[in-house]
Amino acid sequence: MPTTPKKNSVDTIFSSITAVSAFSVIILIAGILYTLVDESYPAIEKFGIWNFLTSTDWDPVRESFGALTNIYGTILTTFLSLMIAIPVAVGIAIFVTEISPNFLKGPIGAAIELLAAIPSIIYGMWGLFTLTPIMSRHIEPLLKSIFADVPFIGILFQGTPMGIDILTASVILSIMIIPFTASISRDAFNLTPSIVKESAYALGATKWEVVKNIVIPYSKLGVFGGIVLSLGRALGETMAVAFVLGNNHRITTSLFDAAATITVTLANEFSEADTDMYFSSLYYLALILFVMSFITLAIAKFFLLRAERKYSR
Amino acid sequence: MTRQSRRKIGGFVALVLCTLAALLGLFWLVIILGDVLIHGIKALKPGLFINDPVPPGVAGGGLRHAFIGQLLITGFATLIGVPLGVLGGTFLAEYARGRKIALIISILSDIMVSVPSIVIGTFIYAVLVRPLGHFSGWAGAVALSVIMVPVVLRTTEDMLSLVPWTLREAAFALGAPYYKVITQVVYRGAATGILTGILLSIARVAGETAPLLFTAFNNSFFSTNMGQPVASLTVTIFQYAMGPYDNWHEQAWAASFVITIFILVLTMAGRLIIKWRYK
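So the sequence lines, in the order shown, correspond to chains A and B. Heads up: the first sequence begins at 26 in this note's numbering, then just goes up one per residue. Heads up: the second sequence begins at 15 in this note's numbering, then just goes up one per residue.
Excised from the complex, chain A in its bound form:
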């Protein structure tokens, strides 16, 4: 137990100021939650919880609102982007920790961190001006010609590829979350004790077998925490997808259709909402997003903390 000296009056004042500053985080979170519930109360009262979550209506004229199209868009883009990002990110982490020669480790790590620092609006704008034309002219017609007639998978690739769609948004989102996942996975991989790896090498294991059977099992808690953290970030990402998703309140099965996520709906419609119920429904969406990402991030934090405890033993 660290020793601390006796209090004096200035010290009491200083410690109270620091305490208030620290508690501001709790106050903020409580304040956000309270405000969102308070603002969305009229909509909660009118549409209920289950009805709102399962209704596909989004009709400002009739003032009938439901969240399902937005939730669907949010979950679908997040899921697709994770599908693309996880293998790449884990691959990068394996390369940096196990394969790359030492002089490359620093630069590649720095490059990944720079990629993480680029603001999301730049990703969004780049997506709109550069990626969208490439997707609509080359990649999406190619995907369509390959998969459109395949049973079951085919329904994902119907319609005219316009570039402003779920697939493009997911690709941009995946580029954005690769650095997060990669750097957390790298940190987790780095914690594998070299003595365990060396023992495996001594038994004749190849490099890949060491990665697959030693490094990944040893660090899976940390990697998993990193993936869930990226999931939480992807759920709430706004600007990267706002440019290229379209804001279309329909549930579509094709990846070539425009869609809406909670964040995109908020960004596009919040300052245009003209009726109280419209406004309240938007706050209801914000509340759902807040709760979803808060729970996801809390789970991520739980895994990362457990990983930290495990490794520090």
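Just so you know, these hints were derived from the structure itself, not from any lab. Take the hints with a grain of salt, since some may be wrong.
What the hints assert, rightly or not - If you want the footprint, here are the derived chain A segments under chain B, 3+ residues with CB under 8 Å: (1) 82-95; (2) 129-136; (3) 144-150; (4) 176-182.
Cβ atoms here follow ideal geometry from the backbone N, Cα and C, with glycine treated the same way.
Fit chain B to the supplied structure of chain A, relying on the hints for placement.
Chain B in isolation, oriented as in the chain A frame:
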């Protein structure tokens, strides 16, 4: 094929795939940065910084209003967010060290760092915009500072924890009260780290767009009045890129170039300082 060569080939293929993944990551960085650089430098003219916007369709004009607005909003956000964050971090690492409350606040801050920033925009809208009846630069600054506080708080906590406890005990032994120990001994030991954390947190909020959409909003005119809507680079990029005019697109690229360089330089400086100080 023998079992051994199968293992070797399988391993080789897997390692090649990992290398390709790393190349793909580098590829994205190069292609995105390259695109921003090429388009940005082409559109970068001195007039961009000293002229105000002109009506769409008219040639020329600049983004002086957005540059100044961005500086104002980010500056005031720093003035609000940094003291709160540093003091809060001090509480966690010093007065509440080892207590449960410190762990709880620390975990909540980590969660707050990644909470969707657009939700913070809607929160500030309800608290600071609607009650006052109009969008304002202050609301934008407060929204950014809400994002900044947990970032600064966590770095401060980590950096203060790195200062050895014996250093504090030495100061206690001289009869110094705790607040003097903190302000004159601990802060000095952790100064570089805390400053780096502040740099990185500025880089983090300078690129935020979503929380400004409903708070600082936008302004097509030059204004330094924080009580009124203030333009920011990021919201202007959003508006100009979505707009129909080529002239706007060019200026959006130029603005993206400036803000990207600013953030990357801050980030790299922060990383270099950390490496140099805490290797």
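Cross-check of the supplied hints:
no. : hint    : verdict
1   : 82-95   : violated (count 0)
2   : 129-136 : holds (count 3)
3   : 144-150 : holds (count 7)
4   : 176-182 : violated (count 0)
Going down the numbered hints, you'll see the structure goes against 1 and 4, while the others check out.
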